[in-house]
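Trainee: Letter by letter, the chains look like this.
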Amino acid sequence: MRYLPLTAADRAEMLGVIGAPSIDALFADVPASARLAGPVDLPPHQGELEVERAMGRLAARNRPAGAGPFFCGAGAYRHHVPASVDHLIQRSEFLTSYTPYQPEIAQGTLQVLFEFQSQVAALTGLPVANASLYDGSTACAEAVMMAARVTRRSKAVLSGGLHPHYAEACWTLAHTAGVTTQRLPAAIDAEAAVIDAINGDTACVIVQTPNVFGTVTDVSAIAEAAHAAGALLVVVTTEAVSYGLLKSPGEMGADIAVAEGQSIGNPLTFGGPYVGLFAAREALLRQMPGRLCGETVDAEGKRGFVLTLSTREQHIRRDKATSNICTNSGLCALAFTIHMSLLGEAGLRQLAKINHARARSLRDALAAIPGVEILTPRFFNEFAIRLPKSAVGVVNALAADGIIAGVPVSRLEPAAGMDDVLLVCATETTALVDIADFAEALTQELAQ
Amino acid sequence: MTMLAVGRPTRPETDIANETGLESHGNGLMQDEPLIFELGNWDKTGVDLPEAEFDASDLAGLTRESPIGLPGLSEPETLRHYVRLSQKNHAIDLAMYPLGSCTMKHNPRLNEKMARLPGFADIHPLQPQSTVQGALALMDELAHWLKTLTGMPAVALSPKAGAHGELCGLLTIRAALEARGDARRTVLAPVSAHGTNPATAAMAGYQVVEIAQTDDGRVDIADLAAKLGPDVAAVMVTNPNTCGLFEREVIEIARLTHAAGAFFYCDGANFNAIVGRVRPGDLGVDAMHINLHKTFSTPHGGGGPGAGPVVLSAALAPFAPAPWIVSGEDGLHLIERNEGEAAHAFGRLCAFHGQMGMYVRALTYMMSHGSDGLRQVAEDAVLAANYVKARLSTALTAAFPDGPCMHEALFDDHWLEDTGITTLDVAKALIDEGFHPMTMYFPLVVHGAMLIEPTETEPKHEIDRFCDAVLRLAAAAKAGDVARFKGAPFKAPLRRLDETAAARKPRLRWTA
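Chains V and F are the protein sequences, given in the same order. Just so we're aligned, residue 1 is where the first sequence starts under my numbering, counting upward by one. Just so we're aligned, residue 1 is where the second sequence starts under my numbering, counting upward by one.
Simulated from the structure, these hints should not be mistaken for lab results. Everything hinted at is true.
Far from chain F, some chain V residues (derived; all Cβ distances over 12 Å):
(1) THR151
(2) ARG152
(3) LEU184
(4) PRO185
(5) ALA187
(6) ALA190
(7) ALA225
(8) HIS227
(9) ALA229
(10) LYS389
(11) ASP420
(12) GLU440
(13) ALA441
(14) GLU445
Quick list of simulated restraints, FRET-style, between CB atoms:
(15) F:ASP223 x V:GLY56: 47 to 55 Å
(16) V:ALA299 x F:LYS505: 17 to 25 Å
(17) F:SER57 x V:ARG386: 18 to 26 Å
Beta carbons are placed, not taken as given, at the ideal position from N, Cα and C, and that holds for glycine.
Produce the complete structure using the sequences and hints provided.
Mentor: Shown next as structure tokens:
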């Protein structure tokens, strides 16, 4: 077996040093009734060629986004990732290292995390960011729990524009801890509706911009209303590229900003692994979940970086920790940091403008189709449209023609009563010819 | 003077390295590396993007006017910066990385190549299911391997890490108990448990009560029996445990737990020791997470991403979270809500379907090893740990000297008594010997713990090189060479770092 270096002679010699008669003797503590006599019922080992062939067959049964017209967003976005990003994250020293518990020999990872935190703080307009969480949805759920700790209140108000999966992840984490999540009805443009639901029990309000329907919202008034009632404002963003064009959560009064960072540096990969961004006001620092990397000096006074404020964390506080989070999403955060370094402020702003321009082209093309109604009033790179028939049916029909038309709202939330609503998205990877093909196919489908 | 054939000296005549008057701020090729925020011109970019017509009329005045504060670098500068940073890391590909409880084994590159196939890397989680049948088949196949290896009938794939898997398991248990109208409030876990166990139990809404440990490093059955009762929802036990020992009484632990109406949660962090030789389902386990980034070698990546699927017993299976994969006449389907066969699912842990990129890597790893290779994995991992234990016990003090260990060898710090040297000092001195230190001060039940996990992918000569280094240090410690330890590391990119200063006045981002 190519990954196992010990030879039969090595094994015999090592058993001799141990003083054990056989390998079986080393498993003597296992109850006899639970010892398997031979291999389990699975195929035997295979060479690279055979495994590659089998995996290739599975991969070939999927239709990659890049294979033709493609318009899905709704929490995961197809962007171009520069070749150097994937090269760098496969450096052995990044790929095959562990969480930086020994900082003297992990300065590469630690400095990257410091740069990552600095970038996330800049993007969100908030002073402190952690070293990443699993993804945007779990970051959102952690924000609810953090707000409950900070305010000592037990209700979170979730806007009807919050991604339904995020709302469900929040409920999962919150309800067992006695924190209720009040979810307002799904609506295209209703972030401000949370204001009426705020009361003296409200720990936080969760709003999303751009929201799951693509609507961008100035949340400043929501921030004022939340703060007046002693509640925190959590602003969710699933499309991190939008930070390059739109006012930041911090500028609009957010106390906590959470985001899905996949758009920068990370492929779609069917939903994971992704990277959760989490930033907050300085005063909330000691209630934050997850790893934090901080600057310090070594014994010779040279600058270095370490994991810090670990007294919040599970390996020190155990059942009193701010979260059970152990790892971050290190390699995805690395990809994010490298891609963001390549973009820089100028590149990110330009990328965001291109995304917006493509979405406007898509909007114009779809708006011209009889029966299609554009629902989203203000958008970045995705928006909702109403069709004269079931969105699922249309998506399936177009998929048969090689066009992936978008995400039906009913797939995310069947009870929303939006069976005829489709979410569509365009990015810099969307060619104008793809938009034309989509518009033509949709026109034909709706004419039938 | 030592010279090679052409007359070029191959060794320095004297130690003149510090007398050159060099003003470089690094050590030869290992130079100090500034932050991206300190490099050059902020207006640069390393991507060439087309011009775009910009019209803000759909943005309602929400455009970002003030500077964001992000530096940009050209591609050559980016490459150089991150390659230089990478060189300041230790990694498995450089030398043995014997972090106990972390299973730092070789990461095959075939796994990376397969995860990057466009059919896996470039598919969207919400595109029509008819267009991702291969991805669903892969998840189904991974589930089959995990269920077969553990002897369990069901698996929830979506947890994104080990701790997330623990949460998934406890929430499943909670849902099963609530479904039978039997709300319970307590979770029992041994004092030696990973910190994530009590933290997870608290997150899932439970009070945590610790179970005592016996002198031979195992769960104290009498204490467990005394603490079990009608309020106990689950018993969380790591097996093999964090002392690197198999819980001999595991079947009795399961029996007592079930007799009390509770569920048996096994922390599967150490599954690498028994994969292919023992099925947790045969031990009475109700739920167990599997760290794909440990046993099945998805790369640790400097701290994630991981993946923590949870195998479940028949009693718990109906309550597993969405999504579920089911087979229909027209192919495989993902059930994404609490409906149909997933009507009793406890809900959703996270957006989408879990860590697909890790599923591809883990299945590639499993298929490469096969049932025979995976069994050999456990055998070689256990053999290597016992070999380390045998060799090092000549100078160090094993925490549990009697009987074999499993995949990791645990030592305490009694051997350092009266030397003035601590476990931390030994760890830092090991860096100067060219190794990543072992896990230190964990588990908490052993004084000055040193937990060494070599894994099955270390060749014997590398294990010997490591043991030789530890034994050299032990001899130096006993000879009173304190300076070698207290100042260590001397040969790392940085000397010991001041963690207290970092925490006292946190500086968590770059500021001008």
